[in-house]
Amino acid sequence: SQKIEQNSEALNIQEGKTATLTCNYTNYSPAYLQWYRQDPGRGPVFLLLIRENEKEKRKERLKVTFDTTLKQSLFHITASQPADSATYLCALDMGSNYQLIWGAGTKLIIKP
Amino acid sequence: KAGVTQTPRYLIKTRGQQVTLSCSPISGHRSVSWYQQTPGQGLQFLFEYFSETQRNKGNFPGRFSGRQFSNSRSEMNVSTLELGDSALYLCASSSRDTTDTQYFGPGTRLTVL
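Protein chains in written order, with the working numbering: chain A, 1 to 112; chain B, 1 to 113.
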């Protein structure tokens with residue numbers, strides 16, 4: 001079955017630097033891959049979606065890449081700010097069974 | 001547009017009891033998914049409903065059930081509660097399916113004593 005790996009350890013980044021989070025998957029490449037942000041005690045909030053035929057997607061300070069050869073997606077936050085501190089989740093959609101498969105998330109801490 | 005609402009927000013139950021959680025999706029959204037979230041485990045998929053039909057179900061015991069009404073509101077029920085059922089239960093709505101943006105509610109924090 002499809003499995004997703006996100007760095008379980010918290011990622012500490014200095015304010016102003018670029019934060020890079022990793023999402024690795026096994027087996028088959030998903031049709032879509034989504035990234036969400038979750039703050040403590042709240043539900044996840046959608047950030048970006050990237051399709052299997054797209055290499056890169058950008059939205060303001062956010063950038064997502066999708067490498068089907070490496071079976072990996074990278075999520076970048078440039079010019080990071082303390083307000084970017086949160087847990088970031090990736091989710092895979094295989095495109096056929098109305099179910100997203102979720103990673104456990106990586107906690108990002110941006111230090112002033 | 002009002003967001004996804006979930007009730008109640010917090011719930012404390014004892015082992016053996018049953019519980020019903022409610023989710024009201026964004027107006028116009030017909031797909032509702034339910035997830036269980038525990039620390040370090042990520043979101044575990046429970047089930048997905050679309051127009052009152054369950055289209056997929058995760059690997060949870062039969063104690064977990066759900067339904068969707070004609071107005072797209074959804075409920076999930078957990079019978080014979082166990083300590084391990086303590087978790088944050090999240091519902092998400094989207095217009096059609098998982099290829100669309102999922103909009104999550106704030107969740108219901110269930111504690112089983």
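Be a bit skeptical, because a hint or two may be false.
What the hints assert, rightly or not - Which residues of chain A face chain B? A partial, calculated answer using Cβ under 8 angstroms:
no., residue
1, Y28
2, F46
3, A83
4, D93
5, L100
6, G103
7, A104
Said to hold, decoys possible - Taking CB as the label site, the calculated pair distances span:
no., chain 1, residue 1, chain 2, residue 2, range
8, B, R96, A, K17, 37 to 45 angstroms
9, A, E60, B, L113, 42 to 50 angstroms
10, A, L62, B, T14, 20 to 28 angstroms
It should be emphasised that the hints constitute simulated quantities derived from the structure, not laboratory data.
All C-beta atoms, glycine included, are put in the ideal place defined by N, C-alpha and C.
Hint check:
1. Y28: Hint on Y28 of chain A: violated, closest Cβ of chain B at ~16 angstroms, above 8 angstroms.
2. F46: 5 angstroms, holds
3. A83: Violated, because the Cβ-Cβ distance from A83 of chain A to chain B comes to roughly 19 angstroms (cut-off 8 angstroms).
4. D93: Cβ of D93 of chain A sits 5 angstroms from chain B, so the hint holds.
5. L100: 5 angstroms, holds
6. G103: At 6 angstroms from the nearest chain B Cβ, G103 of chain A passes the 8 angstroms test, so the hint holds.
7. A104: 4 angstroms, holds
8. B:R96 <-> A:K17: 37 to 45 angstroms: The hint (37 to 45 angstroms, Cβ to Cβ) holds, given that R96 of chain B and K17 of chain A are roughly 38 angstroms apart.
9. A:E60 <-> B:L113: 42 to 50 angstroms: 44 angstroms, holds
10. A:L62 <-> B:T14: 20 to 28 angstroms: The hint (20 to 28 angstroms, Cβ to Cβ) is violated, given that L62 of chain A and T14 of chain B are roughly 44 angstroms apart.
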